[in-house]
Structures are given as C-alpha cells and as structure tokens.
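Listed below, chain by chain, are the residues.
Protein chains: 2
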Amino acid sequence: MVQNKVMGLIVQKYGGSSVADADGMKRVAARIVATKRAGNQVVVVVSAMGDTTDELIDLANQITPIPIGRELDMLLTAGERISMALLAMAISNLGHEARSFTGSQAGVITDSAHGRARIIDVSPGRIQEAIKEGAIAIVAGFQGVSQDTKDITTLGRGGSDTTAVALAAALDADVCEIYTDVDGVFTADPRVVPTARKLKSVTYEEMLELAASGAKVLHLRCVEYARRYEMPIHVRSSFSTNEGTWVVKNQPEGDIMEQAIISGIAHDKSEAKITIVGVPDRTGVAARIFQAIADADINIDMIVQNVSAASTGLTDISFTLPKSEGPNATSTLQRIQGEVGFASIQYDDQIGKLSLIGAGMRSHPGVTANFFAAMSEAGVNIEMISTSEIRISIVCRAADLERGVRAAHTAFELDGEPGEAVVYGGSGR
Amino acid sequence: MVQNKVMGLIVQKYGGSSVADADGMKRVAARIVATKRAGNQVVVVVSAMGDTTDELIDLANQITPIPIGRELDMLLTAGERISMALLAMAISNLGHEARSFTGSQAGVITDSAHGRARIIDVSPGRIQEAIKEGAIAIVAGFQGVSQDTKDITTLGRGGSDTTAVALAAALDADVCEIYTDVDGVFTADPRVVPTARKLKSVTYEEMLELAASGAKVLHLRCVEYARRYEMPIHVRSSFSTNEGTWVVKNQPEGDIMEQAIISGIAHDKSEAKITIVGVPDRTGVAARIFQAIADADINIDMIVQNVSAASTGLTDISFTLPKSEGPNATSTLQRIQGEVGFASIQYDDQIGKLSLIGAGMRSHPGVTANFFAAMSEAGVNIEMISTSEIRISIVCRAADLERGVRAAHTAFELDGEPGEAVVYGGSGR
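Keeping their order, the protein sequence lines are chains A and B. Basically the numbering used here = 1-based index in the first sequence + 1. Basically the numbering used here = 1-based index in the second sequence + 1.
It should be emphasised that the hints constitute simulated quantities derived from the structure, not laboratory data. Honestly, I wouldn't trust all of these hints.
Since copy identity is lost for identical chains, a pair holds within one copy or between any two.
[Unchecked claim] Using 30 angstroms as the maximum straight-line C-alpha spacing, the simulated DSS-like pairs for lysine-lysine come out as follows:
1. Lys151 to Lys27
2. Lys217 to Lys250
3. Lys133 to Lys27
With the hints as extra help, turn the sequences into a complete structure.
Here it is, written out as structure tokens:
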C-alpha cells in the first residue's frame with residue numbers, strides 16, 4: 002500500500018559566510034540533506050563564497066575604475082556559479098542528487114538595471130521539474146536575466162534573500178528559511194545589548210521597520226516581497242539547529258499574549274546629517290531643494306525644518322542621508338546655492354539613529370513619553386524625531402547611540418538573560 | 002559620400018597565459034581594438050585566466066574526489082565568465098563597445114558528454130547582432146550548452162581553440178587567429194632544437210599529423226574542425242606583432258617552391274608502452290585483447306606484433322598509449338589474462354615518440370632510409386615504427402628522444418639561425 006505522506010516544499014537560503022570554505026559547504030550540505038530526508042522537497046538559494054564577490058570587484062578595479070554594468074554583472078555572477086556547483090557536489094557526495102541552476106536557468110526574470118535589477122517574474126519550470134524528479138535544486142542567488150535583452154543581471158544588496166523569497170512564492174513553498182550567522186531576529190543588536198532576546202515571531206510590518214531602521218538580519222526588499230506574497234520567512238542560524246524567528250503576517254495567538262509593546266530596537270550609524278543654514282522661508286524653496294536632491298538620485302531619510310525667525314525670514318533645514326551619498330548631496334546643494342539663496346551647508350557624520358519598533362505602540366500612547374524620559378535619564382540628547390504608526394526614531398550623537406539603545410531596551414522591559422544571543426561570524430549578501 | 006570599405010570579419014582566440022593578469026588583459030584589449038580600428042569586425046574567444054581552471058578543480062577536490070560531471074562543468078565555466086567580462090571591461094576602457102557572451106549565449110550547442118562535449122551546431126545570432134551594431138563580441142571558450150538537457154557543458158582539451166574555429170566557420174569569418182605564447186608553428190620544438198625555424202604555412206593534413214604526434218601549438222580537434230570547414234587558421238603570438246604560421250588547405254605557390262620534404266618534427270614523451278608477452282598466436286586473440294582495451298575507453302596509438310616463434314606458437318604484442326591510461330589498461334588486461342592465456346604484461350613508461358611530418362614525403366621515397374640512417378648515427382635505437390602517407394613515427398628510449406629530434410632536424414636540412422624562435426610563457430587550454 003502506498004503511504005500518502007504529507008510533503009513540504011522548503012526553500013532555504015544560505016549566505017556567503019555559511020559556505021565560505023569546503024567545511025562550510027559540507028556542513029550546509031548535511032543540513033540540506035537532513036531536510037530532504039525528513040520528507041521535504043528542497044530548493045536552496047546560495048550566495049557566493051565568503052569574500053569571492055569582493056575579490057571579483059578587486060579584479061575589475063585593476064582593469065578599470067568604472068566597469069560597465071553589463072560586464073560587472075557577468076563577472077560577479079561567476080561567484081554564485083562557483084558556490085552552487087560546489088554545494089551540488091557536496092550534496093551528491095552524501096548520496097542525494099542535486100542540480101545547480103543559474104538565475105537565468107531558474108527563470109528569475111528581471112528588468113535591465115544592471116547592479117540593482119528588480120525581479121519582474123519568476124518562471125521556475127526547470128526547478129519544478131528537478132524537485133519532481135526527486136533532486137535537490139540549488140539556485141544561484143543575487144542574479145537573473147533581463148526580460149528585454151536576455152543579459153545577465155544582478156539584484157544588488159539583499160539580492161540573495163530576495164531571490165529566495167521570490168522563488169518560494171513562485172513555487173508556492175510552505176516556508177522560506179533564511180540561514181544567517183545569528184539565531185534569528187533579536188530585540189536589539191546583541192553586540193550592543195548583551196541582554197537582547199530572540200523574538201519567536203515578528204510581523205512583516207515590524208520587520209520592514211526594523212530593516213529600514215538599521216537591523217541587518219534581513220533586507221528590506223526581501224521582507225517587502227514576502228509581505229506581498231504572504232510567504233512566511235523563518236530566519237535562523239546555519240551554525241545551530243535552534244528554532245529561529247518567524248516573520249509572518251500575524252503573530253500567533255500565544256506570541257501576542259506575551260507580547261511587549263515594543264518588539265525591537267534598531268540602531269544605525271551609517272547616516273549623516275546635512276543642515277542647510279539660512280534658507281529664505283518662501284513657498285517653493287524647500288521643494289526646489291529636495292527636487293535637486295531627488296534628481297541627483299539621493300535617498301534621504303528624516304527631514305526637519307525649524308520655525309523661521311520672524312525678524313529675518315530665514316530658516317534652517319536638516320535632513321539625514323546615507324554617508325555614502327554625502328559628497329554627491331553637498332555638491333548638488335552647492336550648485337543651487339546661488340539660485341536658492343541660502344547661507345551655508347553643514348555636514349555632520351557623527352550622528353546615530355535609534356528606532357523603537359512595535360505593533361503594540363498603536364494602542365499604547367505613552368510610548369513616546371517613556372522613551373524620551375529614558376533618553377533624558379541616560380543623558381542622550383535628541384536632535385531629530387520621526388515616527389510612523391509602529392515606529393519612533395530619533396537622531397542623537399553617534400557617541401551616545403549605544404548607551405541610548407541599552408537604556409531604551411531596559412525601559413521597555415526587553416532585557417533577557419545576558420549572553421542569550423550568539424553571533425557566529427560575518428554576514429553574506 | 003559613403004565610402005565602401007571592404008571589411009573583414011576576424012575571429013581571434015586568446016589563451017589563458019595571454020590574459021593571466023590585468024596587464025595581460027590590457028595588452029590583449031589593445032590588440033583587439035587595433036584590429037577593430039583597422040576596419041574589421043572582431044569576435045574574440047577567450048580562455049580562463051592563467052591558473053583559474055586548476056584553482057577551481059582544487060576547490061572541487063576539497064569537496065569530493067569524484068565531482069559530478071554536470072556540476073564540474075558548471076564550476077569550471079565560471080573561469081571564462083570571469084576572463085571574458087574583464088576583457089570586455091578593458092576594451093570599453095579603450096573607448097570601444099564590447100559585449101561578452103557565454104558559450105550558451107553565443108549559440109554553441111553540444112552533446113551532453115560533460116567534460117568532453119562535442120559541438121553539434123553553432124547558432125551565433127546574438128554575436129551577429131552585436132558585431133552588426135558595431136560592438137566587439139567576446140565569447141567564452143571551452144563551453145557550450147547541451148542540445149537535449151540545456152545543461153552547461155565543457156569541451157575538454159583544446160576546447161577554446163575549437164570554439165574559435167567553430168564560431169569562425171559559423172560566422173563565415175575570413176580568418177581564425179589563434180594567439181599563443183610562441184610565434185607560430187616551428188619545424189621542431191624550439192626548447193629542444195634551438196635552430197628550429199618558424200613555418201610560413203602548413204596544410205591541414207600536416208598540422209593534423211603534427212598535433213597528433215605531440216606538437217602542442219594547436220589541438221587536433223580544432224584542426225579537424227578547420228579542415229572540415231576550410232577555415233584558415235593564423236597561429237601567432239600575443240606577445241609580438243610578428244606574422245605567424247598559416248594553417249590552410251593548400252600552401253601558397255611561393256611557400257611550396259621553397260618547401261623542404263619535411264615540414265616539421267614532433268616529439269612526445271606522454272606515452273607509455275605495454276607489451277603482452279607470450280600471446281597464443283591464434284585467430285581472434287588480438288581482436289579479443291583490443292576489444293577489451295576499447296571497451297575500457299582507452300585510446301591506443303601504435304601497435305606492433307612480432308612474428309611468432311614457430312617452436313612455441315606464441316607471440317608478443319606491444320602497443321603505446323597515454324601514460325594516464327596505464328593503470329586502467331594494465332588492470333583491464335589482467336582481468337582477461339586467464340581467458341586469453343598470455344604469459345605476462347610489461348609496462349614501460351620510459352619511451353619517447355619522434356615523428357617526421359611533411360606532405361613532401363609523398364613524392365620522396367628515400368625519406369625513411371635517410372631518417373633511419375640519421376637515428377643510427379645519433380645512436381638512437383628504434384623500437385617501434387608507424388607511418389602514414391605524410392608521417393613516419395618511431396618509438397625510442399625517452400633518454401634518446403631529444404638527441405634524435407636534433408639529429409633528424411639537421412639531417413632534413415631544417416636548421417635555421419639559433420634563437421630564431423622565442424617562447425614567451427606557458428600555454429592555455
């Protein structure tokens with residue numbers, strides 16, 4: 002009699018630090034095979050090994066300071082090609098059939114924006130065929146093929162996570178497991194807050210706010226994709242077998258019962274602040290400034306405009322942006338200084354951003370007051386504020402940031418046992 | 002007024018030693034651009050950089066001693082992907098558009114024999130489009146895509162040269178230029194014979210015999226392909242601008258006038274000799290032995306069977322084969338020893354093969370006598386002999402081989418000025 006066993010379809014994604022060398026490959030292969038032996042169909046998305054991508058970029062820079070996007074993508078995709086073939090070999094070695102597929106072969110169709118392509122469609126016919134035939138499919142993360150020109154593209158930052166979620170959605174998988182070097186999503190960065198606790202689950206909205214606020218564990222794009230297709234993500238460590246953190250539409254009942262008002266605290270030291278001093282307080286001036294910034298393709302984060310002094314009719318405008326965009330932004334502003342007529346530009350890269358995230362704050366109006374009191378007690382001066390329905394962010398001095406994170410973590414009763422979180426290594430792409 | 006300039010279409014192939022590092026890439030790029038600026042359409046086939054292939058094989062061996070063919074091909078093709086993208090960047094840097102294409106993108110269709118796939122068809126639509134639009138096309142050598150399974154394949158030894166000739170034939174190119182680390186095809190290996198001279202031209206037939214007899218400059222498969230499609234090959238150095246050697250159907254009149262009887266001398270130390278001692282001299286015994294060898298997929302070269310001694314009815318059979326096949330051949334023979342009833346097997350890997358090649362020997366019956374006299378004078382003992390219409394090969398002691406090559410070179414008046422030949426480096430795949 003044939004047994005009707007309920008099979009799951011699991012997509013697993015392993016980052017570059019998990020497959021950095023032969024030992025890592027073998028450990029990951031054993032894990033994949035265990036999942037297969039447990040009765041599941043398994044599709045694996047893998048990043049380039051360890052530092053491969055950086056080494057390839059170095060090679061390109063030896064040739065030219067400004068590599069053509071099409072060719073840089075052709076070059077970088079060699080990295081996943083190497084890791085996926087080796088991983089397939091490691092799995093075969095354990096007695097299971099594995100077939101590797103490039104992004105193109107896996108049907109990852111993108112637009113033509115080399116280096117930061119967006120996934121338009123996923124047609125995983127070859128993957129479905131492979132898993133139907135009992136094989137484990139290994140797919141190159143971070144890459145696809147452009148719909149128009151059939152050229153190889155890369156997806157940019159977070160590309161491998163996004164590949165995994167997109168593939169999971171197209172295959173109607175039961176779960177997308179993202180393996181990383183930490184045990185899951187924590188109430189704060191364990192390197193800053195030793196008493197940080199692992200979250201059992203977190204909603205897509207909270208995870209989006211955490212990722213946008215500096216939490217590195219998952220990339221914004223991948224969470225956005227998961228939310229759109231309601232694909233559950235299980236973030237867990239490739240170095241342990243511990244249950245990780247589930248990223249889902251709604252938290253399970255049990256988790257809600259014990260839920261704190263704040264799910265987590267994120268911090269970010271990668272931003273700088275630009276202050277435009279002495280801006281004429283006339284209609285259209287701010288619009289002109291931010292249009293110029295947008296035209297220069299610069300993403301800005303928080304904006305604050307002071308009330309103008311009645312005596313002068315002048316005001317100051319401050320905004321934050323990634324430090325990497327600083328030079329571009331200042332030169333863009335200098336170009337329009339004459340036209341707009343402001344006095345000067347100040348550039349400050351010694352800032353930090355601290356964000357409280359939690360769906361619970363919707364129903365708890367006192368959060369802001371508690372938060373500001375905690376910052377005041379910790380001697381952290383608040384320079385800028387921005388909020389969403391489930392997030393409060395502040396900008397402070399970079400030197401005060403970690404102290405602020407610890408103070409907020411304690412104030413909102415997030416502290417667990419010290420050393421609960423383990424950080425195993427670097428992070429992949 | 003539009004000038005009607007006669008444009009040529011040139012396919013150039015650069016080996017791994019020519020693009021071993023950034024400087025090599027830039028030098029090759031400059032050469033390609035010069036060819037383009039001279040008014041030609043240019044398609045370039047490139048091998049993996051320097052030792053990349055060996056490094057990738059090392060990686061595979063860290064995972065498993067017996068990598069799956071499909072995945073090894075997937076792995077190794079990363080090598081050309083890297084070199085072709087970098088070369089395209091180096092060309093762009095010189096102000097010309099270059100687009101790189103994988104074997105699959107270039108339409109190189111093969112059978113499914115991973116690691117030694119044969120080209121079935123070339124459909125270079127994307128290449129034609131690229132060169133029509135004025136771009137230089139860079140194509141990965143050594144690789145293709147299988148017709149049946151759409152899997153990535155590699156062509157094995159000589160694969161990049163073969164890719165170049167096959168592409169040149171499919172594009173109806175005017176010439177296929179094979180760039181290497183020597184100035185062309187020489188009358189003998191310049192490292193052994195310092196007075197070796199560069200040949201202006203050589204026929205496909207002669208080049209086939211040279212390649213089959215141990216000359217490394219061109220691979221047999223590539224010459225076979227060129228002969229089938231009558232594609233002229235120009236073998237030349239990537240380290241100089243000297244005219245190289247043309248491999249053509251018929252030598253030009255001028256070259257024939259000055260042609261020696263012998264075009265060149267090849268030698269080979271890669272073979273071993275197996276002697277099967279005391280074989281019963283009955284019908285079908287030799288056939289049984291060589292069927293077993295063939296079934297084990299072993300390629301043999303020369304065969305000699307002694308006249309059997311009337312007293313015993315036993316004979317000895319000797320044959321040569323690549324040293325790498327020695328263990329396989331001896332174990333195969335041991336398996337059939339009982340059935341066939343021979344006495345013993347002798348394995349000798351201290352042999353050398355020396356071959357005289359020249360279309361001129363068709364009309365000069367004295368060549369063999371002169372050759373054997375020269376060997377005798379040089380004290381080289383001849384152990385085996387085989388001939389074709391345009392080749393005489395002998396097997397001798399490995400220790401005598403180079404002395405024999407120099408003696409034959411002098412005897413057939415091939416000597417030029419010492420040091421005419423320059424050897425620049427290693428050789429690619």
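Verification of the hints:
1. Lys151 to Lys27: between (34 angstroms within a copy, 27 angstroms between copies)
2. Lys217 to Lys250: within (20 angstroms within a copy, 64 angstroms between copies)
3. Lys133 to Lys27: Within one copy, since 24 angstroms is at most 30 angstroms while 47 angstroms is not.
When each numbered hint is compared with the structure, no violation occurs for any of them.
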